[in-house]
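Taken in sequence, the protein lines are chains A and B. Position one of the first sequence corresponds to residue 1 (our numbering), numbered consecutively onward. Position one of the second sequence corresponds to residue 1 (our numbering), numbered consecutively onward.
It should be emphasised that the hints constitute simulated quantities derived from the structure, not laboratory data. All values reported here derive from a predicted model rather than from experimental measurement. Yeah, the Cβ is synthetic: ideal placement off N, Cα and C, and Gly gets one too. Check before you lean on any hint, since a few could be wrong.
What the hints assert, rightly or not - Quick look at which bits of chain A chain B covers, simulated, 3 or more residues with Cβ under 8 Å:
no. : stretch
1   : 39-50
2   : 59-69
3   : 187-201
4   : 341-355
5   : 409-420
6   : 490-504
To be verified - Listing some non-contacts, in silico: residues in chain B with all C-beta distances to chain A over 10 Å:
no. : residue
7   : P43
8   : E58
9   : F184
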Amino acid sequence: MGRTHVDAVIVGAGWAGSIMAKELTEAGLSVIMLERGPERTTPVEGAYPESIDELRGAVRKRLFQNLSQSTVTIRNTMDQTALPYRQLAAFLPGEGVGGAGLHWSGVHFRVAPEDLRLRSSVIERYGEKFIPDGMNLQDYGVTYEELEPFFDKAEKVFGTSGEAYKVQGKIVGNGNIFSPDRSDNFPLPAMKDTFSASIFRDAAKNAGYHPYALPAANASRQYTNPYGCQMGPCNFCGYCSGYDCYLYSKASPNVNILPALRQNPGFTLVPNAHVLRIDLDSAKTKATGVTYLDTKSRKEMSLSADLVILGAFQFNNVHLMLVSGIGKPYDPVSNTGTVGRNFVYQTITSSRVWLPSSTYTNQFVGAGGSGVAIDDFNSMNFDHGPLGFVGGSPVWVNQAGVKPIAAAIGAGGGGTPRWGSAYKNALINTYKHSLGIDAHGSNMAYRDVYLDLDPTWKDVYGQPLLRMTFTWKDNDIRMNQYVVSRIEPIARAMGATKMNLVHLNAGQPFDTRNYQTTHLGGGAIMGDNPQTSALNRYLQSWDVSNVFVIGSNAFPQGMGYNPTGVVAALAYWAAHHIRTTYLKSPGPLVKA
Amino acid sequence: MEPTLNRPLRRSFVKGLLGTTSFWMASGNASWTAALAAEAAHPYQPTFFDAMEYRFVEAASERLFPADDNGPGAKALGVAEFIDRQMQTPYARGENWYMSGPFQQGPANLGYQLPFVPRDLYRNGIAGVEHYTRQHYGKGFADLSPVQQDEILTALEGGSVQLGEVPGRVFFEQLRTNTLEGAFADPLYGGNRGLGGWIMLGFPGARADFMDWVNQEGAPYPLAPVSISGESA
Chain A
1 MGRTHVDAVI VGAGWAGSIM AKELTEAGLS VIMLERGPER TTPVEGAYPE
51 SIDELRGAVR KRLFQNLSQS TVTIRNTMDQ TALPYRQLAA FLPGEGVGGA
101 GLHWSGVHFR VAPEDLRLRS SVIERYGEKF IPDGMNLQDY GVTYEELEPF
151 FDKAEKVFGT SGEAYKVQGK IVGNGNIFSP DRSDNFPLPA MKDTFSASIF
201 RDAAKNAGYH PYALPAANAS RQYTNPYGCQ MGPCNFCGYC SGYDCYLYSK
251 ASPNVNILPA LRQNPGFTLV PNAHVLRIDL DSAKTKATGV TYLDTKSRKE
301 MSLSADLVIL GAFQFNNVHL MLVSGIGKPY DPVSNTGTVG RNFVYQTITS
351 SRVWLPSSTY TNQFVGAGGS GVAIDDFNSM NFDHGPLGFV GGSPVWVNQA
401 GVKPIAAAIG AGGGGTPRWG SAYKNALINT YKHSLGIDAH GSNMAYRDVY
451 LDLDPTWKDV YGQPLLRMTF TWKDNDIRMN QYVVSRIEPI ARAMGATKMN
501 LVHLNAGQPF DTRNYQTTHL GGGAIMGDNP QTSALNRYLQ SWDVSNVFVI
551 GSNAFPQGMG YNPTGVVAAL AYWAAHHIRT TYLKSPGPLV KA
Chain B
1 MEPTLNRPLR RSFVKGLLGT TSFWMASGNA SWTAALAAEA AHPYQPTFFD
51 AMEYRFVEAA SERLFPADDN GPGAKALGVA EFIDRQMQTP YARGENWYMS
101 GPFQQGPANL GYQLPFVPRD LYRNGIAGVE HYTRQHYGKG FADLSPVQQD
151 EILTALEGGS VQLGEVPGRV FFEQLRTNTL EGAFADPLYG GNRGLGGWIM
201 LGFPGARADF MDWVNQEGAP YPLAPVSISG ESA
């Protein structure tokens, strides 16, 4: 019996997969999108009030990956035995329709243009010797000017709220002075500043920095996007991060793309479908389709397809490439191969500032994408010469809505009680009168930080787990320390009665037990050289030309900004070139 | 995990819901008076913990989160009931944890590597603490003075006590985490009675609409909390 044939099969129903599905169905292709988790829709699962239950939500991890089925192993250095990531903590991948795009916060950045050509930029300014030994600093192979129309398109689909600085060469507003020129304004005005953000804005401005409203895929007004999907105005309920927005205010694939896509007869969404491998021809140069497990019936199914799009979470894309034999696995010893190379994260620390007891920060009020940031210490916006490190951090107050269980579990420690009356007293004071300031920094790639397959542990499907080898390196620790030191004068100007400035310490290893960020990147990166990148500049596999791999896996370095905006723009960029070039003559879009 | 609405109703819970549609949907009782009577006649009966274990959880959680000038402690908030009820959920059976072997221990920063799910941690941990306290103090944990109980909890937190196969520190963290969950979760799960945890923190619960309080120049939020079921303080 022949396999079902489809023009394109897409793995993963998050932002990357949904954007690609929309674009390819618009081009007239038949598309099947496979999602290993369950169906998720706002009226069924995301409705008020059940959706705003902290215990069932962020604490018991309703929308996150179920590790009992599949996880990763983690070690800090190559001489260690990696151990399974048994409980979700440091990072929280999504599962189910919408993926991590359903439970994200909504901070929706473009990119600092120099981050796309960071190697070239660092060499131009400081010389090649400035790059530390073992750092795999690389360019993306695509420029901001090339991506600009796709950033614009993504913002219009997401209904992004923000304040522009420059549109078509003209200064139009009080936006981020470091941000590049735009072809058009944000589709919606910026979100209001929370009280915490407003005092950060004033203090940062008085200190001579350049505060701006975070670009937020939280709708500041009602909005209808180009697909006809509608959003309601955000009411700062505080349930973005870790939740599905009951108000249809936070952009998600479920709200902003799937309602249009589901009406297309050429599109089929199959939930509860765990893709086991991409099937390749004997030469391993062409994908013939995919094999997946229907996790309800436990039946193995197979689809034949002309085009295969990997749009799963960053490390799941890399895992699928490795278990399927797409491209050459990276070997850090011989420094050959590309799949697993340049695995990166972000270097993030959260500091806390206490205000007088007459001042209430009402931390439960918030929106995931709202806040005020400064870019004075991000990207190449400051002089790294005397500092001697590569990279940087935006600094911001991003009050996303602090919940009581999370606040209680995180309170105390660092020499202060974690239980008892003194703890209780401090918890209440901290909850009512403090605010957080984050240094949300870049993370560089290194020769001995990478992804491969674990030799010991397996998932429930019998496949080896992905193994992460990752730790903090001196360059990134020093970057974090420098930027955090810049927070102190701002906090003083805010009227701090007490502050706890948190930074990484020299030699501190990556700790899997505490949440840091879900912004993992790299491992299957884009670039202009098949020896050092798994994908070409169109996110097409150099080795298997009918496979495109869309996601933050394509980032050669971890940037200071949140990744979703770049992932969305790269998805539209890749889709544009598939539609205008690839489909007319399938094959490599760049000669290797 | 599904929220469970079929427990005996608390007075305050019932009071907040009188006359609402959700009360009739949630209660499953023919009338609210029957619910009140049922609750008074039959206080919560633990289904996972035995009587000794339940006394331990009540006593230990109260030391971790004691009643004081700030407001109610774990006992008044129903934390032990919350934890007992959680033991019947997929969470307590470790159904969202990767629990495949081999179980190899490593550096602490690489995370939890024991073969025990929360139900095992409680069963083994409580037995271990009881054994330890009888050895060192001659009686069970719940019968010790608050000062002695704090000594034991401090020793567990500091990592100097091993409870059979369970490190004392692991058990302590499990108990601390679940105690704080019980103090601050929606009352739907049996803890945070009378919304006492939320009132202390100034958390408005399920209001989830702050358009009018995005920036009030640091003034406190004026409204008392409500719960998912509609209970108000």
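**OP:** Examine the stretch 490-504 of chain A: at least three residues should have C-beta closer than 8 Å to a C-beta of chain B.
**Re:** violated (count 0)
Original post:
Closest CB-CB distance from F184 of chain B to chain A, is it above 10 Å?
Top reply: Nearest chain A Cβ is 4 Å from F184 of chain B, so the label is violated.
Subject >> Within 8 Å of chain B (C-beta), three or more residues of the stretch 187-201 of chain A >> reply: With 5 residues close enough to chain B, the hint holds.
Subject >> Beyond 10 Å from each Cβ of chain A, as asserted for P43 of chain B >> reply: Label holds. Min Cβ-Cβ 23 Å, cutoff 10 Å.
Subject >> Distal placement of E58 of chain B relative to chain A, Cβ over 10 Å >> reply: At about 15 Å from chain A, E58 of chain B clears the 10 Å cut-off, so the statement holds.
Subject >> Within 8 Å of chain B (C-beta), three or more residues of the stretch 59-69 of chain A >> reply: With 7 residues in contact (Cβ-Cβ under 8 Å with chain B), the coverage given for the stretch 59-69 of chain A holds.
Original post:
For the stretch 39-50 of chain A, do three or more residues have a beta carbon lying closer than 8 Å to a beta carbon of chain B?
Top reply: Holds: 3 residues of the stretch 39-50 of chain A have a Cβ under 8 Å from chain B.
**OP:** Given that the stretch 341-355 of chain A was listed as covered by chain B, double-check it with a C-beta distance under 8 Å for 3 or more residues.
**Re:** violated (count 1)
Subject >> chain B over the stretch 409-420 of chain A, status - at least 3 residues with CB closer than 8 Å >> reply: Holds: 4 residues of the stretch 409-420 of chain A have a Cβ under 8 Å from chain B.
The structure shown violates the earlier hints numbered 4, 6 and 9.
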